[in-house]
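Residue numbers (numbering that gives the first Met the number 0), protein chains in the order written: chain A, 0 to 312; chain F, 0 to 303; chain X, 0 to 438.
These are computed hints drawn from the structure, not numbers from a lab. Treat each hint with caution, since some may be false.
To be verified - Here are the simulated EDC-like pairs of lysine to aspartate or glutamate, each with C-alpha atoms no more than 16 Å apart in a straight line:
1. X:47 x A:190
2. A:78 x F:242
3. F:169 x F:219
As the list claims (entries may be wrong) - Ranges between beta-carbon positions, derived for each pair:
4. X:125 x A:201: 20 to 30 Å
5. X:387 x F:118: 41 to 51 Å
6. A:307 x F:64: 38 to 48 Å
Please read all numbers here as calculations on a predicted model, not as lab measurements. We put the beta carbon where it would ideally sit given N, CA and C, even for glycine.
Given next are the chains, with one letter for each unit.
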Amino acid sequence: MKEVDASSRRKFLITGLMAGMAAGCNTNQNPFANTDETVIPSGEKVKLLSVDGEIIEVDKAFLKPVPDLPTISNKEERKGIEGKKFVMVIDLSRCKNLKKCQSACNHMHHVHPGQNWIKVYGMQDAEQTAPYWQPTTCMHCDEPPCVKVCPVDATFKRQDGIVLIDSDRCIGCRFCMAACPYSTRVFNWGDPELPEEIAEQKYSCETSTPQKKGTVGKCDFCPDMVRKGQLPHCVSACPNGVFLFGDMNEDSVTNGSETFRFSDLIKDKAGYRLMEDLGTRPRVYYLPPVNRNFPFESGLENENDEDKKNILK
Amino acid sequence: MNIHRFLFLLLALMITVVIRVEAQKDSVEQKEIVRLHYFNSNNSLQYLLLESILKTGKKSEPQKHKVFKIFLDSDKVENHITKVLTDEYGKAKAVIPVSLKPIWDGASSHTFIVVAEATSKEEETSSEFTITKSKIAIDTSSAEDAKSITVRVMKLNNGEWVPAKDVEMKIAVLRLGGLLQVGDEESYTTDSTGTATAEFKKAGLPGDQQGNLILSARVEDNDELGNLSIEKSVPWGIATKPDNNFFAQRTLWSTRFKTPIWLLLMAYSIGIGVWGTLIYLVGQIIKIKKLGDHFMDGSSQPPM
Amino acid sequence: MINSTAPTSEEITRDLLPQKFGTRGKIWTVSLMLISLVGVFAYYRQLKYGLEVTHMRDYVSWGIYISNFVFFVAISLVGSLITAIFRLANVKWSTPLTRIAEIIAVSAIVFASIIIIVDMGRPERFMNLFIHGRIQSPIMWDVIVIGTYFFISCLLLYFPLLPDLKILIRFKDQTGKALNRLYRFQGSFWKGTKAQSRISRKSIHILCIIIIPVAFCIHTVTSWLFATTYRPGWDSTNFGAYFISGAFLVGAGGVVVAMYVFRKVYKLENYITIKHFDKMGKIVVLLALLYLYFNVNEYLVPAFKMKKPEAEHLTELFLGEYAPVFWFAILVGMIIPILILVFKKGRRPLPMFIAGSMVVVGAWFKRYLIVTPTLLHPFLPMQEVPQSFHRYFPSWEEWAIAMGSLAGALLVITFFARIYPIIPIQETITEQNGKDEHS
Numbered sequence: 000m001k002e003v004d005a006s007s008r009r010k011f012l013i014t015g016l017m018a019g020m021a022a023g024c025n026t027n028q029n030p031f032a033n034t035d036e037t038v039i040p041s042g043e044k045v046k047l048l049s050v051d052g053e054i055i056e057v058d059k060a061f062l063k064p065v066p067d068l069p070t071i072s073n074k075e076e077r078k079g080i081e082g083k084k085f086v087m088v089i090d091l092s093r094c095k096n097l098k099k100c101q102s103a104c105n106h107m108h109h110v111h112p113g114q115n116w117i118k119v120y121g122m123q124d125a126e127q128t129a130p131y132w133q134p135t136t137c138m139h140c141d142e143p144p145c146v147k148v149c150p151v152d153a154t155f156k157r158q159d160g161i162v163l164i165d166s167d168r169c170i171g172c173r174f175c176m177a178a179c180p181y182s183t184r185v186f187n188w189g190d191p192e193l194p195e196e197i198a199e200q201k202y203s204c205e206t207s208t209p210q211k212k213g214t215v216g217k218c219d220f221c222p223d224m225v226r227k228g229q230l231p232h233c234v235s236a237c238p239n240g241v242f243l244f245g246d247m248n249e250d251s252v253t254n255g256s257e258t259f260r261f262s263d264l265i266k267d268k269a270g271y272r273l274m275e276d277l278g279t280r281p282r283v284y285y286l287p288p289v290n291r292n293f294p295f296e297s298g299l300e301n302e303n304d305e306d307k308k309n310i311l312k
Numbered sequence: 000m001n002i003h004r005f006l007f008l009l010l011a012l013m014i015t016v017v018i019r020v021e022a023q024k025d026s027v028e029q030k031e032i033v034r035l036h037y038f039n040s041n042n043s044l045q046y047l048l049l050e051s052i053l054k055t056g057k058k059s060e061p062q063k064h065k066v067f068k069i070f071l072d073s074d075k076v077e078n079h080i081t082k083v084l085t086d087e088y089g090k091a092k093a094v095i096p097v098s099l100k101p102i103w104d105g106a107s108s109h110t111f112i113v114v115a116e117a118t119s120k121e122e123e124t125s126s127e128f129t130i131t132k133s134k135i136a137i138d139t140s141s142a143e144d145a146k147s148i149t150v151r152v153m154k155l156n157n158g159e160w161v162p163a164k165d166v167e168m169k170i171a172v173l174r175l176g177g178l179l180q181v182g183d184e185e186s187y188t189t190d191s192t193g194t195a196t197a198e199f200k201k202a203g204l205p206g207d208q209q210g211n212l213i214l215s216a217r218v219e220d221n222d223e224l225g226n227l228s229i230e231k232s233v234p235w236g237i238a239t240k241p242d243n244n245f246f247a248q249r250t251l252w253s254t255r256f257k258t259p260i261w262l263l264l265m266a267y268s269i270g271i272g273v274w275g276t277l278i279y280l281v282g283q284i285i286k287i288k289k290l291g292d293h294f295m296d297g298s299s300q301p302p303m
Numbered sequence: 000m001i002n003s004t005a006p007t008s009e010e011i012t013r014d015l016l017p018q019k020f021g022t023r024g025k026i027w028t029v030s031l032m033l034i035s036l037v038g039v040f041a042y043y044r045q046l047k048y049g050l051e052v053t054h055m056r057d058y059v060s061w062g063i064y065i066s067n068f069v070f071f072v073a074i075s076l077v078g079s080l081i082t083a084i085f086r087l088a089n090v091k092w093s094t095p096l097t098r099i100a101e102i103i104a105v106s107a108i109v110f111a112s113i114i115i116i117v118d119m120g121r122p123e124r125f126m127n128l129f130i131h132g133r134i135q136s137p138i139m140w141d142v143i144v145i146g147t148y149f150f151i152s153c154l155l156l157y158f159p160l161l162p163d164l165k166i167l168i169r170f171k172d173q174t175g176k177a178l179n180r181l182y183r184f185q186g187s188f189w190k191g192t193k194a195q196s197r198i199s200r201k202s203i204h205i206l207c208i209i210i211i212p213v214a215f216c217i218h219t220v221t222s223w224l225f226a227t228t229y230r231p232g233w234d235s236t237n238f239g240a241y242f243i244s245g246a247f248l249v250g251a252g253g254v255v256v257a258m259y260v261f262r263k264v265y266k267l268e269n270y271i272t273i274k275h276f277d278k279m280g281k282i283v284v285l286l287a288l289l290y291l292y293f294n295v296n297e298y299l300v301p302a303f304k305m306k307k308p309e310a311e312h313l314t315e316l317f318l319g320e321y322a323p324v325f326w327f328a329i330l331v332g333m334i335i336p337i338l339i340l341v342f343k344k345g346r347r348p349l350p351m352f353i354a355g356s357m358v359v360v361g362a363w364f365k366r367y368l369i370v371t372p373t374l375l376h377p378f379l380p381m382q383e384v385p386q387s388f389h390r391y392f393p394s395w396e397e398w399a400i401a402m403g404s405l406a407g408a409l410l411v412i413t414f415f416a417r418i419y420p421i422i423p424i425q426e427t428i429t430e431q432n433g434k435d436e437h438s
């Protein structure tokens, strides 16, 4: 049996489920069997039949379609995943304001009805310029103005670049909301509307659930999903592949079906960031709305009447 | 008279519309779709992934918490693989138990039978999925200026390994959440010898700390072979060291344990200066109090 | 200049001793208490249902609580102006006003702290500021500096009170047993010996010096709560000076109002004289001009350029939805008081009282304008939120709490004036004697 050392237990699942399968095998026939970093052992072993009819043992954790992860301490949640630098690219040429990203995000994080962590703005920069749809998440800035002003370290920047909120510590002063130029933060003004089983869960900064009354919430880049080797909810929910997520240290971003080299993509399509002049250094890049897949008007049907009025003004 | 006729016509029209709508409602059928994917990972580990979808009209939703039985080749008790329960995404995973070794070894291709048991609402349904045993191998060659990857797929035909022709596959580098294609083509197809060759064109791609990249060849949902995957680690990347200097900085956005020194100095010097004075003044009050307590006779007011 | 009927020490003492509430005083106190109680009830509702009871939402995430906070911090600055700056500058006429200014400062700073806790979504986690406090945050600076200023103000109230306590203790019959016990506890050790007086004088001197930078800090830091963000209307290097000049103005206005009221109610015409009004009037004009100057800087310079994010905000202020309040604050808060007070006739008590009230009311609305319209002009357009998020008008709970806090501050001042002499007795006697000697 391949020994799995304890320190690797919580190491990040780089390759996801498929590659992970190889790791628990007791056959050493393949010298390139994946490294043990992808193992999330439960300790229990299960015997099963291999392709060539041999009997092998795997960890019980592999029997689940989505692996369970050991719970992570608040301290580790604050540190972040080592060796990662998460980055997102939003391709404006593909967006038609379907808002699937938004509904998936709201559903998974139990965002209060009416509030959104992901907003899809109908933008028009000047009178004669072309309108376009611009989804925004938290920018996870490298010089985060919100983190600068937090008096109690309730919002913090992690080594993997993600800016998170600890709702168990937040005092609800809302200075971060005033400081954020991207208007990305929302506040739980009243009791959050949560299903009972969610409300009873232990709070985790990485899942941002359960939301708590009197504290701030925002897009968290779904580090819990990334730990499982899966993509953030908005990325996998978008049918048009608008959102591309990845690791800058791997120089790649993916929407699940297509994977690009991050540096090439940004270079070839002239990627940019929002409000560069403020010096916030966002981790979310945008690809300009050129050679669009959909006309702007096709997105109007998903817009509520009030916003439509403002957009068409 | 005319108006009556008009009203009558209108009524008739409305009834027709209503009937149509009703009929359409009936015709929006609910359809259960069960898919079984066979996975073979690195020619060793194999498992089945069951996906259950409920399709209502155009909309499809995962069927959560539904029980399925899976059999190998025949739906007899001795061929029973396992019983699974779908999760919230409508998915369930199964492995072939050791007890079925004789049946598994006995044939070149196998049929998996998925049975959804009868419930009070639904009848028993079963669906079949057939796969042929196969294996996949990956080999790399690297010359000065050209690196290439060769993948070979073989399948078992009447107990003999023969090359698998026209198998489409992806040859890629494993990245977070996705597969980064190694060359210009999105996919490659095996020739009559069962091989496909891809050129590696991602020079300068960051690898792990030793510069290793994990190459992966994937056959996805092949009708005959199912899903095959194989990985190989190659030293073709650029060694990257995780840079934590960024996080270790003392900045205005750092935690309270990493406050910039200049700020600490300023804050503490001002704080100590001011509060030192204030404490001194409190001391003065105490001093006044002591003076007053010693001055026993307070009846006469001393000159100011 | 001294008339022959200059009051004796005994008369001064008798005039200035705290007086029991009359009928008007009782009505005043009870109504303040009622207003405060409504505020407390509103806060109970807010604790129960969360900040949802307010009309603050994701865009306007700070509302009248914060403008009220800024108002309190501003008005509290007057303590340092009247007491410290005048004392250091050897301005003698301000003696009767020092205690009024100081108690306004203390009660305002207390209610500034209370209102900021009211604004918190999680007031029960207040201690996190000390457990997890992060010195990079301007909020921490504010917490430290407000605490310090409160402490200094209390000391500055206490030291000059010591000789008066000695007098108060003598008048046990008039003040009653309970109060006498309080006076004894606070100052029975003061015998007025030379050594004691020397220490006290020196301490007051030190306090007067140290309170000035701290006072500047509290309002500068408060302005930085806004100026350290990117928002149009807040992103200004002018903000610290702008806030301080505004604070001095509203504080001076507040003192004028209090002077008038105390003079009327306690019949202090001999102590707070026309001369005092005249001098305070000149100071208010000076401060109003100063604040007007900073306002011109604050609005004219960006309005000249009309940068895109600023343009919407400024247009809204000058001509849009907020124009009535904006011009009200400018006219009533600055220009009209200046016009009244530049004339000698305008510096008589009643017109002064009106002008002072205008300054204070104008200042309150000014703080509202600083907070809310900016939040309604974010960089990205306001979309994908319910309609109610697009505008802000305070809910009844917010009004009740804001008014309750103002009433509370007045209540503190009222009780203080009931318990302690609002005009320093000993200092007045000393000055009177000094004058007599000179004449």
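Structure-based check of each hint:
1. Distance restraint check for residue 47 of chain X and residue 190 of chain A: the Cα-Cα separation of roughly 10 Å lies within the 16 Å cut-off, and the hinted pair is therefore satisfied.
2. Taking the CA atoms of residue 78 of chain A and residue 242 of chain F, the gap is near 14 Å; set against the 16 Å cutoff, the hint holds.
3. Between residue 169 of chain F and residue 219 of chain F the alpha-carbon distance is near 8 Å, which keeps this suggested pair within the 16 Å criterion.
4. Checked against the hint of 20 to 30 Å, the pair residue 125 of chain X and residue 201 of chain A passes, with Cβ atoms roughly 24 Å apart.
5. Roughly 46 Å separates the CB atoms of residue 387 of chain X and residue 118 of chain F, a value that falls within the hinted 41 to 51 Å.
6. Take residue 307 of chain A and residue 64 of chain F: their Cβ atoms lie about 40 Å apart, and the range 38 to 48 Å holds.
Violated hints are absent here; each numbered hint is respected by the structure.
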